[in-house]
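Engineer: Letter by letter, the chains look like this.
Number of protein chains: 2
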Amino acid sequence: MAGCLTGRRSTSRQVSTPPLLPRHSVEAAHPQLRRCRRAQEAGTGEDEEEGEEEGEDDDDDDISFASRLAASDLNAAYFRRWDDPAVHQSMMQDRVLTAAWREALAAAPPGALEGRTVLDVGCGLGLLSMLAAKAGAARVVAVDGSEGAVDAARRIIKANGLSDKITVVHGVLEELDELPGMSPSGFDVVMSNWMGPALLGGGMMATLAHAIKKWLRPGGVVLPDRVSLWAAGLEDRDALQEAKESWSRVAGLDMSAALSQVIKHPRRDVITRKAQLLTAPQRLAVWDLTELRPEHVLVMRRSGGRDRNEEEEEEEGEEEEQEEAVYASCPFRFTSLRDERLFGLVLFWEALWTWGGALEGEGKSPVRFTTHPLASSTHYQQIMIDMPRTVRVAADDEVSGELVLKPGSTDPRDVEMQLRVEHGGAQQPITASYRVAHLAV
Amino acid sequence: MAGCLTGRRSTSRQVSTPPLLPRHSVEAAHPQLRRCRRAQEAGTGEDEEEGEEEGEDDDDDDISFASRLAASDLNAAYFRRWDDPAVHQSMMQDRVLTAAWREALAAAPPGALEGRTVLDVGCGLGLLSMLAAKAGAARVVAVDGSEGAVDAARRIIKANGLSDKITVVHGVLEELDELPGMSPSGFDVVMSNWMGPALLGGGMMATLAHAIKKWLRPGGVVLPDRVSLWAAGLEDRDALQEAKESWSRVAGLDMSAALSQVIKHPRRDVITRKAQLLTAPQRLAVWDLTELRPEHVLVMRRSGGRDRNEEEEEEEGEEEEQEEAVYASCPFRFTSLRDERLFGLVLFWEALWTWGGALEGEGKSPVRFTTHPLASSTHYQQIMIDMPRTVRVAADDEVSGELVLKPGSTDPRDVEMQLRVEHGGAQQPITASYRVAHLAV
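One line per chain: the protein sequences are A and B, in this order.
Note that full-length UniProt numbering gives residue 68 to position 68 of the first sequence, counting from 1, and the numbers run on in steps of one.
Note that full-length UniProt numbering gives residue 222 to position 222 of the second sequence, counting from 1, and the numbers run on in steps of one.
It is worth saying that the hints were derived from the structure and are not from the lab.
Incorrect hints may appear among the rest.
[What the hints assert, rightly or not] Here are the computed lysine-lysine pairs in the PhoX-like style, where the Cα-Cα straight-line distance is at most 20 Å:
| no. | chain 1 | residue 1 | chain 2 | residue 2 |
| --- | --- | --- | --- | --- |
| 1 | A | Lys158 | B | Lys134 |
| 2 | B | Lys134 | B | Lys165 |
| 3 | B | Lys158 | B | Lys134 |
| 4 | B | Lys244 | A | Lys244 |
| 5 | A | Lys134 | A | Lys158 |
| 6 | A | Lys134 | A | Lys165 |
Construct all of the structure, not just a fragment, from the sequences and the given hints.
Structural biologist: Here you go:
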């Protein structure tokens, strides 16, 4: 079992084709990631056996995160939000994304999709389900928690003459014990466009993990089946200058003091000049989704006081160690490409459709979708993480640190981040905290 | 006491200056609005005496709505959302809105603001508090539930040298028993830019009502002190055609069947051609905010099955009467200006700063802000309510019906609407339901 692939080890299925992006895999041991286990239960996780995972303990396997999502008024409001087709529109009008899905479905190895059963997790208006049905799937079950989306999906699927192949189910997947005509561990394929802002925003990785564990047959395929999170050093002078000027002239008042709060909410924006990339990109974390299980979505991490924002009040002793559940804790080490000021990091991600490694077996490349700043632009754009102060770096200088990503403390579908950046032995490290709202995509 | 001014009666302080908009005041008796009372308690409301209202029953006065807002994870997420200064930016960059506020503060009658105490309800980044302080207020207490907004407001106010006049308080106003240096019923002025999408979106009218009841001194001034909701008949051909074309070409599939779901979520957009206004505007409801009390924010309304969307399943007997708490239940009667298809209604609103009627007393006009389609455009834009089918109308034809506005069933900060439109005796009335998300502004 590949386990908790948060930048700590190589994956069980290495993609052998040359990637679009450099693959600085982060292999370094990382003591703060104590071990991969259920967030609210000790003694499980890495040591858990495969058989136990695939067994009948479905009812308690996702207590850690999915239940936090479900046991909340927020969850009802989250699904309500998707009632409005306009909210789906930016995704469906993202031609880079839909082209990747169409290419991925068309690239299915013989027998992998033709005549197979497919579960579409968070189907929205049913676009992916229809693409899968048209690409040869025998039967698609499409599930979504939004009543309005499901209502629209049924009309759309009927209008496209695909009602005989696609069954749309309204419900929160974690709460569904039965799906029409299907048994647990019965689907050949689980597919989902679950990826959100900063990849993890929206919290749907937990739902995908549940779907895989409960509904995918042994040896089944997850689409996409590999995602990775990337960062590069960022020069962000123009945008910050523009923000400062904009905030300095509001109804005759200078409100530029808002900037310290502005940067705590990373901007979703696009890199406009290649020179804004101050370093080569580095992969922060990779997830082999075929092996993803609910107990791997969050990992326990020891944290001291040093990752807190310097300006925040310390409510507990600074050196006291605490444990917290995080998505990933990612050490990084960048080398500056030139003399410049480092403003922070630009965050992006990549998804691969390898069909369980079968494409490489045929000598083909996996289908790839990336939000890389220099690739075709997508509706996800990039996430700009600006530090509270800039750092002057010379060419070939090393900048190291850590980025921790975790569910939002108020709304677990948000992503909160803690950044620590070190440069030069004498200086104090820069630390800051951030929140990416899940509403952004 | 002016009571529940939801289109049922004239107001206690009529504005005598010529309004920008026609003032078709809706005086008709409206049997479905049974009476104005607390939403969850019988026997109060219209018959309640002034003394009782201003008395010491603060703790239970807003049980109906404010407590529904507060007793929810949604509330924490709502305030979290305002941590991000970017969310405030569209409001602060709305020059029509900020100009109205500056003009309103500058227009204060002698002694009404100079040297006075002001409570800013939902202060955000403190813009209005600073404008009030610069306009002469002796002391401003600015309250907001967003920790991030309050943090930024304090920095901004300090940078502008106004910390001696403005005190920023972090908290949910309904939960605050004390404000620094102030006593209940002690403020000379309560001001708030509480207005949201479709006026009522965001649910802040309930918070304003609480603030007025608990903190405003007898005879104090509310800014703005009069708001009204307006509608006109809408020709919306181009936008619907554009939506249909856009949805008919998604990744090679025709998804235009989504349109029936699309129109349930009224578009925030601008009227681009005057001819889209198919009728003169009509005022649907007016609120005299000086008289607003928590028990008036929602009123009980008898509803039968006929206001439900025709396509929705009837879970209860169609003729069974139910009671529901609504913001306003607004009968309307429009006269078509020409031969055309009626697509629905365009909704907009107006706010007046009358300084408690003092401006008229001085022979001056109240300061006015409007989202009227033919006035200067604002970040609120207009709300387009499209019907499930269009109606052909001839010039001078009458179209009548009712628009009911109420808090969202999932998130009470949303606004849900029920529309009934009648035209011609023989035809079935058109009924439809809508939801405006509070996230829109």
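Engineer: All the hints need checking, so say for each whether the structure fits it.
Structural biologist: Against the structure, the hints come out as follows:
no. : hint                   : verdict
1   : A/Lys158 with B/Lys134 : 62 Å, violated
2   : B/Lys134 with B/Lys165 : 9 Å, holds
3   : B/Lys158 with B/Lys134 : 14 Å, holds
4   : B/Lys244 with A/Lys244 : 40 Å, violated
5   : A/Lys134 with A/Lys158 : 14 Å, holds
6   : A/Lys134 with A/Lys165 : 9 Å, holds
The structure fails to meet hints 1, 4 from the earlier list, while all remaining hints are met.
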